[in-house]
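Make a model of the complete structure from these sequences and hints.
2 protein chains.
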Amino acid sequence: MPDNLTIIPPRSGVSFLLKKGQRLKVVDIEGEQVSDFVCYNLEDKGEVISSGRTIDYAETILLTKGHPLYSNRSNVMCEIVEDTVGRHDFLLTPCSADTFRIIYGHTQPHRGCFGNLCAALEEYGISPDAIPISFNIFMHVTVDGNTGKVDVLPPKSKAGDYVVLEAKMDLLVGLTACSAEMSNNYAFKPIGYQIEE
Amino acid sequence: MPDNLTIIPPRSGVSFLLKKGQRLKVVDIEGEQVSDFVCYNLEDKGEVISSGRTIDYAETILLTKGHPLYSNRSNVMCEIVEDTVGRHDFLLTPCSADTFRIIYGHTQPHRGCFGNLCAALEEYGISPDAIPISFNIFMHVTVDGNTGKVDVLPPKSKAGDYVVLEAKMDLLVGLTACSAEMSNNYAFKPIGYQIEE
Numbered sequence: 001m002p003d004n005l006t007i008i009p010p011r012s013g014v015s016f017l018l019k020k021g022q023r024l025k026v027v028d029i030e031g032e033q034v035s036d037f038v039c040y041n042l043e044d045k046g047e048v049i050s051s052g053r054t055i056d057y058a059e060t061i062l063l064t065k066g067h068p069l070y071s072n073r074s075n076v077m078c079e080i081v082e083d084t085v086g087r088h089d090f091l092l093t094p095c096s097a098d099t100f101r102i103i104y105g106h107t108q109p110h111r112g113c114f115g116n117l118c119a120a121l122e123e124y125g126i127s128p129d130a131i132p133i134s135f136n137i138f139m140h141v142t143v144d145g146n147t148g149k150v151d152v153l154p155p156k157s158k159a160g161d162y163v164v165l166e167a168k169m170d171l172l173v174g175l176t177a178c179s180a181e182m183s184n185n186y187a188f189k190p191i192g193y194q195i196e197e
Numbered sequence: 001m002p003d004n005l006t007i008i009p010p011r012s013g014v015s016f017l018l019k020k021g022q023r024l025k026v027v028d029i030e031g032e033q034v035s036d037f038v039c040y041n042l043e044d045k046g047e048v049i050s051s052g053r054t055i056d057y058a059e060t061i062l063l064t065k066g067h068p069l070y071s072n073r074s075n076v077m078c079e080i081v082e083d084t085v086g087r088h089d090f091l092l093t094p095c096s097a098d099t100f101r102i103i104y105g106h107t108q109p110h111r112g113c114f115g116n117l118c119a120a121l122e123e124y125g126i127s128p129d130a131i132p133i134s135f136n137i138f139m140h141v142t143v144d145g146n147t148g149k150v151d152v153l154p155p156k157s158k159a160g161d162y163v164v165l166e167a168k169m170d171l172l173v174g175l176t177a178c179s180a181e182m183s184n185n186y187a188f189k190p191i192g193y194q195i196e197e
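Residue numbers (the numbering used here), protein chains in the order written: chain A, 1 to 197; chain B, 1 to 197.
Among the hints, a few may not be true.
A pair counts as met if it fits within one copy or between any two copies, since identical chains are not told apart.
[What the hints assert, rightly or not] Derived pair list, reagent style SDA-like, types lysine to any residue, alpha-carbon separation capped at 20 Å: (1) Lys156 - Val85; (2) Lys149 - Pro68; (3) Lys149 - Thr60; (4) Lys65 - Asn146.
These aren't lab readings, by the way, just hints derived from the structure by calculation.
If you want it as structure tokens, here you go:
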């Protein structure tokens, strides 16, 4: 594992600043663990990553090294500059208490990545409604091109796999160790990250 | 064509209220024409349709009769109750000046469905940043399940085809006759709609 790795404990989330030109390395420490990533323009937090714009401009739902992540204003917020896995999701919203209630039938649901992101970003004035569709690092979602069916499979990431995102503007970042059973092959593990200058 | 059809002229958009229980019929008058649909909770406009939540709960990207459209707060905003086509898109953002600049290379781009929705919804206090990924009625987007590649093909809708959405809460609706060449097989046509009690 890299030195200076900050650990996000299982089923939790953090927020931090990532300045233009800095690189964020997100490491799957034990393997098969998803990390939901969201970011905001630090100077104007109404600008936020947009799955719809990113997929439209990339012309693919499978984003990997070389792909920029665009904002709702069609500006490049960051770029994937390293990726040892090549399989991530940008279709689904962060798991939430509603996810666990609706999909899993839990009666006392966990707050999920959505709740963890809300809590982590609250100090920066981000409201729950302002949490967008996240870039779900290591999440393995398949789409059947004929039927449209969406399936969540165990991540392809193994221990030590990583993704590096380079900021193209000053960013506020939210990042989680995902809380949803299916997304992480029914085990909750930590995620590591570090900021590289 | 149905009586009392209101016409949205080519490359334009409208906004209107749709009360709980009312049904919105969206008609492709000439065929092969896309209509971008967005909606907000009339009582609290921070609540808006969410592609990520809807696809997650439906477990498919192909939404049709019987599928509810969920909000960012995981409430059902409306439901598709009739659909003579069965092929629509909920992955891509409304076309915009940036779309035409980035994808089409236009130097004096049209404002697109995004600009038309902004203009139509401004009187209700909706800001451009609050325009979500739209439910793109009649838009024919394919996803290659293996490569992830996304393609925009001519709509499958023929003259007179329609979709009916039933409101499950009081809604503010934005609706367009889409402005993007690829989406409409390189012809710009009107869209018709009517509200049924």
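Hint check:
{"no.": "1", "hint": "Lys156 - Val85", "result": "within (7 Å within a copy, 36 Å between copies)"}
{"no.": "2", "hint": "Lys149 - Pro68", "result": "between (26 Å within a copy, 16 Å between copies)"}
{"no.": "3", "hint": "Lys149 - Thr60", "result": "both (17 Å within a copy, 4 Å between copies)"}
{"no.": "4", "hint": "Lys65 - Asn146", "result": "between (27 Å within a copy, 17 Å between copies)"}
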